[in-house]
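Participant: Residue numbers (this note's numbering), protein chains in the order written: chain P, 1 to 340; chain W, 1 to 340; chain U, 1 to 340; chain X, 1 to 340.
Hints may contain errors.
Chain copies aren't distinguished; within one or between two, either way the pair holds.
To be verified - When the alpha-carbon atoms are kept at most 30 Å apart in a straight line, the in silico DSSO-like pairs for lysine-lysine are as follows:
id: 1; residue 1: Lys268; residue 2: Lys124
id: 2; residue 1: Lys306; residue 2: Lys164
id: 3; residue 1: Lys119; residue 2: Lys306
id: 4; residue 1: Lys75; residue 2: Lys124
id: 5; residue 1: Lys124; residue 2: Lys306
id: 6; residue 1: Lys161; residue 2: Lys75
id: 7; residue 1: Lys249; residue 2: Lys15
Treat the hints as calculated values from the structure; they're not laboratory data.
4 protein chains.
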Amino acid sequence: MHHQFRSDYIELADKRILDALSKYSLEQNIPYGFDYHSENASKYILNTFGSAEGRVYFLEGGTQTNLLFISYCLKHYEGVIAADTGHINVHESAAVEGSGYKILTVPNRNGKIYPEQIKELLEKNNDVHTVKPRMIYISNSTETGTIYSKKEIIDLHEFAKANKLYLFIDGARLGSALTSKENDLEKTDLGKYCDAFYVGGTKNGLLFGEALVVNNQDLQIDFYNHIKNKGAMLAKGYALGIQFEEAFKDNLYFELAAHANEMASLVKAGLTKIGVEIYPSPTNQLFINLPRDIALKLIEVFGLEKWIDNGNMMVVRIVTSFSTTKEDVDDLINYIKELL
Amino acid sequence: MHHQFRSDYIELADKRILDALSKYSLEQNIPYGFDYHSENASKYILNTFGSAEGRVYFLEGGTQTNLLFISYCLKHYEGVIAADTGHINVHESAAVEGSGYKILTVPNRNGKIYPEQIKELLEKNNDVHTVKPRMIYISNSTETGTIYSKKEIIDLHEFAKANKLYLFIDGARLGSALTSKENDLEKTDLGKYCDAFYVGGTKNGLLFGEALVVNNQDLQIDFYNHIKNKGAMLAKGYALGIQFEEAFKDNLYFELAAHANEMASLVKAGLTKIGVEIYPSPTNQLFINLPRDIALKLIEVFGLEKWIDNGNMMVVRIVTSFSTTKEDVDDLINYIKELL
Amino acid sequence: MHHQFRSDYIELADKRILDALSKYSLEQNIPYGFDYHSENASKYILNTFGSAEGRVYFLEGGTQTNLLFISYCLKHYEGVIAADTGHINVHESAAVEGSGYKILTVPNRNGKIYPEQIKELLEKNNDVHTVKPRMIYISNSTETGTIYSKKEIIDLHEFAKANKLYLFIDGARLGSALTSKENDLEKTDLGKYCDAFYVGGTKNGLLFGEALVVNNQDLQIDFYNHIKNKGAMLAKGYALGIQFEEAFKDNLYFELAAHANEMASLVKAGLTKIGVEIYPSPTNQLFINLPRDIALKLIEVFGLEKWIDNGNMMVVRIVTSFSTTKEDVDDLINYIKELL
Amino acid sequence: MHHQFRSDYIELADKRILDALSKYSLEQNIPYGFDYHSENASKYILNTFGSAEGRVYFLEGGTQTNLLFISYCLKHYEGVIAADTGHINVHESAAVEGSGYKILTVPNRNGKIYPEQIKELLEKNNDVHTVKPRMIYISNSTETGTIYSKKEIIDLHEFAKANKLYLFIDGARLGSALTSKENDLEKTDLGKYCDAFYVGGTKNGLLFGEALVVNNQDLQIDFYNHIKNKGAMLAKGYALGIQFEEAFKDNLYFELAAHANEMASLVKAGLTKIGVEIYPSPTNQLFINLPRDIALKLIEVFGLEKWIDNGNMMVVRIVTSFSTTKEDVDDLINYIKELL
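Build out the structure end to end from the sequences listed, making use of the hints.
Facilitator: In structure tokens, the structure reads:
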């Protein structure tokens, strides 16, 4: 069977992560995330991202993390602004609205949104009959594989501050964004230029888990109660602590992400050589445009996801992961070459 | 350091569970729980519990499972009946009410509730101004370590049917209940005498995870959508499938539970010999009554949980687990002996 | 002071409505809507709209009615489809999302939506990660003053049935729609071609109140409990019953609506004569396009609402009501004439 | 037919209230509660109750008001403390829990609750697994007709402050409490000793409506948005403003309440004379203990509500209202006399 390029969460975990879990198999720990592994992992993470007064909350999955943070910050008459392509808007079964919060969408530009777009939206939603915008949600890397530049993040941050909006960064693929060759955002910018962000483990070689970093101290109050109330507090919280400790104690987290990006670069180079149209993306998600029959074949054989169906042509997504190898890439490229 | 008897979720997992995860480390799987491990595990579980038309949903934790199933079944004007000691009532930070559902409590009798008590409650809540009772929630084993007899379960089941109530069994410690020496409930009774129940992994040697079994087909419709909507769908669902597959492919799940029960029996025997007052419990949770200073010492040294504080006397909880050894038990008994 | 054309809910009520209330001032009635006035009013309404198996629920306001019916019908993973201009989407402070339900918007065509648009949306939202469309919400008359033809309603109804969607008609201005000269919908079509609709009182000369008619018997179960649970059950339900009894015992409801429409026709005729650009609308809401300074003046003097601000030009709304007189219309026309 | 003593909301409204509505029948007003009548009424009310920095929000009903204020103040992991007999706990179809908030009950003492009881409850609910108590809810007069003394209110207020709890007073029958002969609470104490309270109109001769007074300025922020979001903002808000203006511009509100109390006193005197057992209540609700067959007869003839069914004996409730007359009272007494 061919290596599947469906997504970056179809293999359990990097060996070092599973080894760490095995190592502490029978160690007795304080439950609910108050253990020393979680404490260590928190310190590593706060240090890495320069969040001096931040707190880290380990959660199980991305949708859950978005749901928890948004529902914590907003009142039901307040809304969250997102790109129309935003994960919370299209891929979470209305988890945010299901919890009681309206998403106000802005047309994405290469997966990203900008202050002037949000400004327009604020002007339309400004009385007691409309929802009150309260948060900006962005993803980095975005749902279309692009990344925000340092300037873009700072612009959003400043706009948010000026308009009393929170800025929240979905980092399900933060590793891939930060290790991208085109990236100019420093890790410590994350601690500075947003109210909260999360560090995705699930899509970067951990068994499961996301580390939500809340920089804004006002948004830390009783957050543990909130986690428990939403049924999201893992009894064995140290299962998350151990993984993130391992991922951040030295550079494993970024090594895994860099590897996935490198594999994507190889795919891109290979595809370019054989004339396949690729949308701009400097991370581990690639979107390519192919004749319908070829696309369908690749979906079948390599598990690619269909993105846009334009009749004769089809956009499909290729995702590399921590476990993708050069051989896997070669196999994919050769296969496509033969189809063309 | 002494072995801690604080609870049964303070060690990561049994070696066999972690080995299974390591074994499939890099295997590529369909995400979101639609993989073959989850399918295998489902079959084992349905077969074990005799649920011919049931479906299994793997979730991450107990509070989450309670929250998800209750919120799926009820409308906001409907309520769930539980013992005043019920986990959903006292230990889940209002997760059920936080999702919009009232809990109607009934005074527990040794942790259990009975049809005649529920009948009284139905008579009081019977018009448009009161909440409409719609579900009975019980735990087996209960929060005080006791278990329901076969007859008690059947009585509740029949009462529930006659009154159009769902019966839902919280099986966070189902293994311990079913392997108790006093148990007369057959495994296959679970498939017959309730609308749904869950098989707790977290408190029985798995890394994490609960298997919710929904016997009632009407309550299966779109349940996956509901899971996703609540942020509870694990991307790497196969991480749960692999664990439950391992636990149920042969008898591991019940072996681990039987071991914990056996260790509790040893504790009980040892304590009885030295004259400590023990509340009736045939499972892996024991509640003992001790002079305050001794109780406080044991809380400090063995991590016991304080249960009831009666001033001079204190009830504390001892919990054994899959990893407790005879030596651990001896150490505990000897320590208490010296204190008395 | 000039008569204000801001909206149709800025005068308390028609004299006959208030007289009816005064008449029954001290009559003792069964509370919570179970009185004989409410029963009479229900019969009149079901009869008028040909809803053989329907039930009527009297509620206080339009947003409340939308919120109550939508939240009754949907699970949190289900969504409601509406025009982007739909009242629930833009003018209810996220009341629907605030209760936990996503609105899926479709670009309006003259305030209306069509099956082929909804079909497209269903194709995009068809897996466990997306919200599951479950209801179509339309308004008649629409938020832009237009009305649905009989054929358009039947098409939506058939599409909804074929796709297991509920069809719900917001009739906050149903009177105006049905008495419009361009209308070809029969009153009894309302009883046939949707799951539920409501008959707006607030915007048609009643003190307050909307009559929700649920044709679909499956959607009547425990609806009273739902009303109570949402805090929307009026203790003195007969205050609503008396008003709707008066409005429907003979033809008052439609007389009031027809009057408002007639006044709008006069406004239209007058404006056309003096060359003002008017958007198509056969009901009591008119939208006109004017130079900015004139528009601003009219907003100030006649309380018109600003609709779209295009810089040099501005679209403003004129609304007539049961209490608007010919003299009021003449005054408005003359005033505008002088400004031009 | 005999005058019904079922409750104080079974007659529409006092003549003066309806006359005021008729008087302003066609006056054009700013909608949504921003009209001058509402402003006048607010001033009268803030002045009457000595709430210097308070704001008044006019709402439609009592359950709605409780639901709105509680849901505004609390996070879902926080709970509200109430007497077990509290209206929110037993008579609102779980409206509070349905919105996502747990009610923590305390056994009532004559319908009232006390700091030492709440203290106990705080001690039990003090970690991340339990709900976090955040508000004390009391009713004055209570659901059993009793009233809080000035000292009792101040004690609760001080306890609340010391423990960072809000104090909220349900004043559905505040008029009756304040005009009771046993009352020693001053009107201006309401402005001082709680975070919010409401002034019930529905049960005191208004057509409908409750005036929520929020003393605590932190709890006023965006409250209008919250009202709109919950579907509780009346388009014709001035319909409430006009009523409360009339009720408070001179003393009508308290006159109506005093009248109801006086009628209750007459009932009490009459019943005492003929030897009927009456529970202590200084307001317009009386609870009497009667042989079952007599109680059932009175329920049938005078519409009394059954309160407690003790087999041979039955407690029933008698409620007087603004419209009850001396003749009505005599009729009731005579009727009972004959039955005994």
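Participant: For each hint, tell me whether it holds in the structure or not.
Facilitator: Consistency of the hints with the structure:
1. For a Cα distance limit of 30 Å, the shortest separation of Lys268 from Lys124 across copies, 28 Å, qualifies, whereas the shortest one inside one copy, 41 Å, does not.
2. In this assembly of identical chains, Lys306 and Lys164 lie within 30 Å of each other by CA distance solely across copies; the values are 26 Å between and 38 Å within a copy.
3. Within a single copy, Lys119 and Lys306 get their C-alpha atoms only as close as 33 Å, which misses the 30 Å cut-off; across copies the closest is 19 Å, which meets it.
4. In the homo-oligomer, the alpha carbons of Lys75 and Lys124 lie at most 30 Å apart both inside one protomer (19 Å) and across protomers (28 Å), since each shortest distance falls under that limit.
5. Proximity of Lys124 and Lys306 under a CA criterion of 30 Å is satisfied inter-copy only: 12 Å between copies versus 35 Å inside one chain copy.
6. Taking CA atoms no more than 30 Å apart as the test, Lys161 paired with Lys75 passes in both settings, with 18 Å inside one copy and 24 Å between copies.
7. Both within a single protomer and between protomers do Lys249 and Lys15 lie at most 30 Å apart by alpha-carbon distance, with minima of 15 Å and 24 Å respectively.
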